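Q: Chain residues, written in single-letter form:
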Amino acid sequence: MNIAVCVKQIPDQSVPGKLDPGTHNLVRDGKLILDDSDSYGVEMALQLVDRAGGGEVTLISMAPNGEVSGIRTALAMGADRAVLVSDPSLAGSDALTTAKVLAAAIRRNPFDLVMAATESTDGYTGTVPVQVAEILDIPSVSFAKKVEIENGILKVQRQTESGYDEVECPLPALVTVTAGVVEPRYPSFKGIMAAKSKPVDVLDVAALGTGPLTTSQEIVSVRAAEERASGTVVVDEGDAFRQVVEFLEAIKVI
Amino acid sequence: MDFGLTDEHHAIVDSVRTFVERELYPFEDEVERLDEVPADLANAIRAKAISAGIYAANMPADIGGGGLDAVGLALVERELGRASYALQMLVARPSNILCACNEEQASKYLLPTVLGERHDCLAMTEPGAGSDVRSMRTRAVHVDGGWVINGTKHFISHADMADFVVLFAVTGTEDSPRGPRNLISAFLVDMGTPGFTLNRGASCVSHRGYHQCELVFDDCHVGDDQLLGQEGRGLELMDQWLGASRLTVAANCVGRAQRVLDKALDWSAAREQFGQTIGKFQGIGFQLADLAVAVEAAELLTLRAAWRFEAGEMTAQDAAMAKLFASETLGRVTDTAIQVFGGTGLMSDAPIERWWRDARVERIWDGTSEIQRLIISRSLLRPREYLA
Ligand SMILES: Cc1cc2nc3c(=O)[nH]c(=O)nc-3n(C[C@H](O)[C@H](O)[C@H](O)COP(=O)(O)OP(=O)(O)OC[C@H]3O[C@@H](n4cnc5c(N)ncnc54)[C@H](O)[C@@H]3O)c2cc1C
Chain A
1 MNIAVCVKQI PDQSVPGKLD PGTHNLVRDG KLILDDSDSY GVEMALQLVD RAGGGEVTLI
61 SMAPNGEVSG IRTALAMGAD RAVLVSDPSL AGSDALTTAK VLAAAIRRNP FDLVMAATES
121 TDGYTGTVPV QVAEILDIPS VSFAKKVEIE NGILKVQRQT ESGYDEVECP LPALVTVTAG
181 VVEPRYPSFK GIMAAKSKPV DVLDVAALGT GPLTTSQEIV SVRAAEERAS GTVVVDEGDA
241 FRQVVEFLEA IKVI
Chain B
1001 MDFGLTDEHH AIVDSVRTFV ERELYPFEDE VERLDEVPAD LANAIRAKAI SAGIYAANMP
1061 ADIGGGGLDA VGLALVEREL GRASYALQML VARPSNILCA CNEEQASKYL LPTVLGERHD
1121 CLAMTEPGAG SDVRSMRTRA VHVDGGWVIN GTKHFISHAD MADFVVLFAV TGTEDSPRGP
1181 RNLISAFLVD MGTPGFTLNR GASCVSHRGY HQCELVFDDC HVGDDQLLGQ EGRGLELMDQ
1241 WLGASRLTVA ANCVGRAQRV LDKALDWSAA REQFGQTIGK FQGIGFQLAD LAVAVEAAEL
1301 LTLRAAWRFE AGEMTAQDAA MAKLFASETL GRVTDTAIQV FGGTGLMSDA PIERWWRDAR
1361 VERIWDGTSE IQRLIISRSL LRPREYLA
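First to last, the sequence lines map onto chains A and B. Counting from 1, one number per residue, gives the positions in the first sequence under my numbering. Counting from 1001, one number per residue, gives the positions in the second sequence under my numbering.
Just so you know, these hints were derived from the structure itself, not from any lab. All values derive from a computational prediction rather than experimental measurement. The C-beta atom is built at its ideal place from N, Cα and C for all residues, glycine as well. Heads up, some of the hints might be wrong.
Cβ-to-Cβ under 10 Å is the rule here; a few derived chain B residues that face chain A [claimed, not checked]:
{"no.": "1", "residue": "Thr1006"}
{"no.": "2", "residue": "His1010"}
{"no.": "3", "residue": "Ala1011"}
{"no.": "4", "residue": "Ser1015"}
{"no.": "5", "residue": "Val1016"}
{"no.": "6", "residue": "Lys1048"}
{"no.": "7", "residue": "Ile1054"}
{"no.": "8", "residue": "Ala1057"}
{"no.": "9", "residue": "Gly1067"}
{"no.": "10", "residue": "Asp1239"}
{"no.": "11", "residue": "Gly1243"}
With a straight-line cut-off of 27 Å between C-alpha atoms, the simulated DSSO-like cross-links for lysine-lysine are [claimed, not checked]:
{"no.": "12", "chain 1": "A", "residue 1": "Lys155", "chain 2": "A", "residue 2": "Lys31"}
{"no.": "13", "chain 1": "A", "residue 1": "Lys31", "chain 2": "B", "residue 2": "Lys1263"}
{"no.": "14", "chain 1": "B", "residue 1": "Lys1048", "chain 2": "A", "residue 2": "Lys196"}
Starting from the given sequences, assemble the full structure and let the hints guide the process.
A: Below, the structure is given as structure tokens:
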């Protein structure tokens, strides 16, 4: 069982982010870390390969300046190798260009399954994974909350608004996993030391062999999201339940 | 001199910091309130630390420990030190002296302790022998096939959670230039050995939930195979194996000082009086500046000592300087933090007063501040005595 996991390396969320005033893109030139939402896919992949009794987990990432800090975290968790695409011409890539790059990087090694998060945490459209599947010409299942492989068939519980669907599909396929699908392991000391010597192929666009990539999306303007209004604190003086019920009725939950 | 940490060091810090924030911080208030870590919580934290691969960080990798270099270990201690002691000690760093076990002892004591199946404690201090350890009175007398131990130890940390104790006892005397002095040996003694009783100690102002005990030995028989290392060489054994773990208290103090300072900074930037945030008053801002300098200096002393240990150059003076300065800095930081928080700092629903209480023991255990100064002053003056 060989699994490719798309992982995004993003600016540290504990530091306030900046937008480039010209392109309106998120500035990503500092140290990048593994997007938390991708740690679930990495964990799921490690468990599936383990259960299958063998195979490799390959990380696929696109990031500026040959940045590997986030990849090292996932390698320390136990992934076997990584392919990183880094090329100045990819700065400001839109979702489709990103998907083309990731798909080309995935194709370089044999794979049975591709995993990704449903969406990333910094700048996101939530559309990259399904575009990757389309380019690779494989089926995709989104919003997986449980993933199993039985006799070469992918079995997924797919989160919906009202519960979940049970979906089966042949391999190779692509799955996007929701946060909480599994509990990601901590990178162990042993894993951290071992990650140092795991192979990371760093490629530019020419080495990827996709031909020229053009981004057709342009960010015309950006405005600040509305501040979230502060919540209401209900102090229980014996009748809090009434206020809670009224609130739930008002938003038509009950 | 290269002050940079490696990528691996950064990754180690990230991993342990995340563990501490997710698995330990949420239980601090409960442990403080109960003065106890409930057994199922203790077991759960140990199990998580083992599966996260961060247990026994101070032990060699070939026996299942973390296998870290001295700087990596100091960073782990710094990160663990941020959390409540009763919780962070569950991510155990067994006593390094267990590495002196022979093969048979290793399978019974060292290996299961590194794997988290057994737990150790270490007993040196007695009611009559604190800083002056060599004056201890607990005595082991050799008899046919083993030893008979008599005496009382006190202030022995987490003995209530331990399966065995590394016990130091007098086994003879030798002549020294200053007269006869005790020869001390180390023993591995299992809890429950007949003649060995354990009493919970008085409650301590620092580190609630973390208990110290009195150990009483009354004609307690142990076998010859329970002598650790050579007879009469217990203190030397300590010296030989303690290594980088001598910096544990220093690194713990640096981590906690950083956490407390962060909280004081947050408060100073938010609390308003007389129409402005209190950090803008020079009386507060300058105190914070001085604390930040001290914490930074304590960290540099600690990491430098670790770095020198790795290079095989650490002296007793390096470790003493780091322990002294870091523990005294933590005292200053926590005391000033109370001042910055005002009355709020003294209330038990905020952690500031807890950090203030917890800081106090750091200047006492593992060698008091005075003993550290003694080590430093002696090593400064000794070369001059030869010249005189
Ligand atoms: C919570 C807690 C946990 C502990 N855990 C353990 C443990 O697990 N195992 C263990 O063996 N011990 C343990 N200890 C004991 C600890 O190491 C001793 O408390 C410490 O070494 C000091 O000894 P003492 O308390 O007897 O003080 P004393 O040695 O009596 O010192 C009293 C004062 O005299 C000063 N003083 C002593 N000698 C000199 C000198 N030569 N020059 C100048 N001043 C001097 C000291 O600095 C101190 O200020 C623990 C202590 C505490 C409080």
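Q: None of the hints should be skipped; say for each whether it holds.
A: Comparing the hints with the structure gives:
Hint on Thr1006 of chain B holds. Least Cβ distance to chain A is approximately 9 Å, under the 10 Å limit. The closest approach between the C-beta of His1010 of chain B and any C-beta of chain A is roughly 8 Å, which is under the 10 Å cut-off, so the hint is satisfied. With its C-beta approaching chain A no nearer than about 5 Å, Ala1011 of chain B sits inside the 10 Å limit, and its interface hint holds. Because the closest C-beta pair between Ser1015 of chain B and chain A is about 5 Å apart, less than 10 Å, the hint holds.
With a least beta-carbon distance of about 8 Å to chain A, the hint placing Val1016 of chain B at the interface is held under the 10 Å criterion. The criterion of a C-beta within 10 Å of any C-beta in chain A is met by Lys1048 of chain B, whose closest approach is roughly 8 Å, and the hint holds. The interface hint given for Ile1054 of chain B holds, since its Cβ lies 6 Å from the closest Cβ of chain A, which is under the 10 Å cut-off. About 7 Å separates the beta-carbon of Ala1057 of chain B from the nearest beta-carbon of chain A, less than 10 Å, and the hint is met.
Evaluation of the Gly1067 of chain B hint against chain A yields a held restraint, the C-beta minimum of about 7 Å falling below 10 Å. For Asp1239 of chain B, the interface hint is violated, since its Cβ never comes within 10 Å of a Cβ in chain A; the closest pair sits about 26 Å apart. Among the interface hints, the one on Gly1243 of chain B is violated; its C-beta lies about 17 Å from the nearest C-beta in chain A, farther than the 10 Å criterion. For the hint pairing Lys155 of chain A with Lys31 of chain A, the CA-to-CA distance comes to about 37 Å; that exceeds 27 Å, so the pair is violated.
Annotation: proposed proximity of Lys31 of chain A to Lys1263 of chain B holds, straight-line Cα distance about 25 Å (limit 27 Å). For the suggested pair Lys1048 of chain B and Lys196 of chain A, the alpha carbons sit about 24 Å apart, so the restraint of at most 27 Å is met.
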